[in-house]
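> Quick note, the sequences are listed as chains V and R, same order.
The opening residue of the first sequence carries number 1 in my numbering; numbering runs sequentially from there.
The opening residue of the second sequence carries number 1 in my numbering; numbering runs sequentially from there.
Be a bit skeptical, because a hint or two may be false.
[Said to hold, decoys possible] Some but not every residue of chain R turned toward chain V, in silico, with C-beta under 10 Å: (1) Asp-95; (2) Pro-168; (3) Glu-171; (4) Ala-175; (5) Leu-179; (6) Asp-180; (7) Val-186; (8) Ala-187; (9) Leu-198; (10) Val-289.
It is worth saying that the hints were derived from the structure and are not from the lab.
Beta carbons: idealized from backbone N, C-alpha and C, even for Gly.
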Amino acid sequence: MTDTLRVSFAGRAGETGHAVPAAPVPGLDASFVEHRAGRPGSRVLAHVAEHDPHVVVVFGVASLPAETVRAIGVPVVAWATAPDRPPGLEHHPDLPDCDPRHRAGLATAADYERVIDRPLPVADEHFATPRRTDGGPRALVIGHSSPRLEALLIDSKHRHEVLHVAAGLHGEALAAVLASAEIAIDVRDDDGPGFGPRVALYLAAGLLLLSEPLHPPGGLRPGEDHLEFRSSAELVELLHRVRADPGAFHAIREQGRLSAEALRASRVLPELLAPFASASA
Amino acid sequence: MHPRRPQGGPLRVAFVGQTTFFQACSLQAPAAGLIPRFFEFRAGGDGEALLADLRSFVPHIAIVFRPEVVPPGLFGELAAVTLGFLSEPLPRGDDAHADLQRRMRDLRQTDAANFDRVVSFDPLIAATAGEVLAIWRSLALPVADRFFAPVTPMGHPPRVLFVGRSTPHREWLLAPVKLDHDLLHVAFGLSGDELAELMHRHDVALNLHNENYPSFENRVSLHLAAGHLVISEALDPQHGLEPGIDYLQVNNASELRRALNVVARFPRVHHRVRVRGRRKAEGFRASRVYPRLIADLLADVDAFGSPRS
């Protein structure tokens, strides 16, 4: 095998695309194919045929049909991800993956070389120095909504400058939105423990991360590289403090940016994926 | 408490509301002798600070979106003609959705003495609102001139946009669309230049009600003005728009999905609808609506007085 690992990633650009470098980085030549849960795998197979990867990574264990995974002629690894749509749609008649007959044909963990269950990395191009923006610090939320998220955010949305993009943000538009904010808010769908899919993205982009407690913490330390809140009132108060004196939180942004280095895609992905590729290369 | 108005001279008009929602409904540049300025104010805001800002502008007229969020008595001494603009849906009968009942409770907080006149965005809620405030007239929220743009060729695939908060009703309708299309869903917080730029980069816009009750959302006229193909749930009231002619009407998630799939496959198929919708949007243009509204307002207050007088 050459020194550069070729990896094809399959997923939704708006959900996981930020984890995959858009251009080759040292040791990694990544390509991304848009695949949405419930859709046939033909597009993924065509992409693999064109790019000839050493290994394929599928975001979401059950997003591809099992027969598609088996038809890929190189090792396939799944990366466990949180649901990419809001709760409450489990019985939607127009969503193929809500149909039990369709679900029966979807891949399971047993169909993959391995299932990776760890925080999503962040593509190198999203790393940026913490910076001030015009017009006061704005907070950013990216990701689908849920009743729980709305309950936590509603007061902050009406008292502070908050931008919430629920779907479809990737590429240049994502970069522009990240550059327009100084604060990021991470909220989970439910009360269970978790580590949001964009935590590393926010830190790498130099934003001040306000998050519910992360579990597992992924090496992050509340109070040092990000700030925690546990209620709507705490979030309102935190935003008030940050917006009143943004400079007082700059050191936390700097430390968060440094912590994100541990999740830099060019560092994480080759090391993590090379063992799976070596057998076939 | 009304100001002396210059004979034939320019009138200063203060627009008051939450920027995210209402700046796009205001007059943003001088027109027909009106000099506008927008003042940010939202529920729970500092009323005294707003009053101080308004006094420094010395407005002849203050147009206030969501009058129910203005603290009681705040405009009692403001030397301007004040117009409250109701912008939220309200119950139309006894069996109202919980969301509408909550909004009605909010409306009951309004201090009617803050306003010389009140306008409702929806004639069908006027009777309900009338329990709290005397509704002078009803008209749709206008659209700031800056958002008007020519109809441009449809992208291939079409660039689809939904601007509105997430609710279970909306997510139910949007889920299949998000599966098939690269839909950008901005749930909150965009206004001004960013909103204008976003509008410019899209061809198709969706309008979905908050919950399963009828209304007329101002994003319909906003997107029509921008030259978008608007795909909407049934509008009630229509405010002069006609389904199938000015916009496409859908009634459920399957219809919405099918409508977008058709547009994706045949981008020009509804071009005439875009053109007709864009033309109809002229009726919502801020520089056309506000001069007439304000002239009527001043004449009416002069003729019939006001509870504030």
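> Each of the hints needs a verdict: does it hold here or not?
Hints, one by one, checked against the model:
no.	hint	result
1	Asp-95	23 Å, violated
2	Pro-168	6 Å, holds
3	Glu-171	5 Å, holds
4	Ala-175	5 Å, holds
5	Leu-179	5 Å, holds
6	Asp-180	8 Å, holds
7	Val-186	5 Å, holds
8	Ala-187	4 Å, holds
9	Leu-198	9 Å, holds
10	Val-289	27 Å, violated
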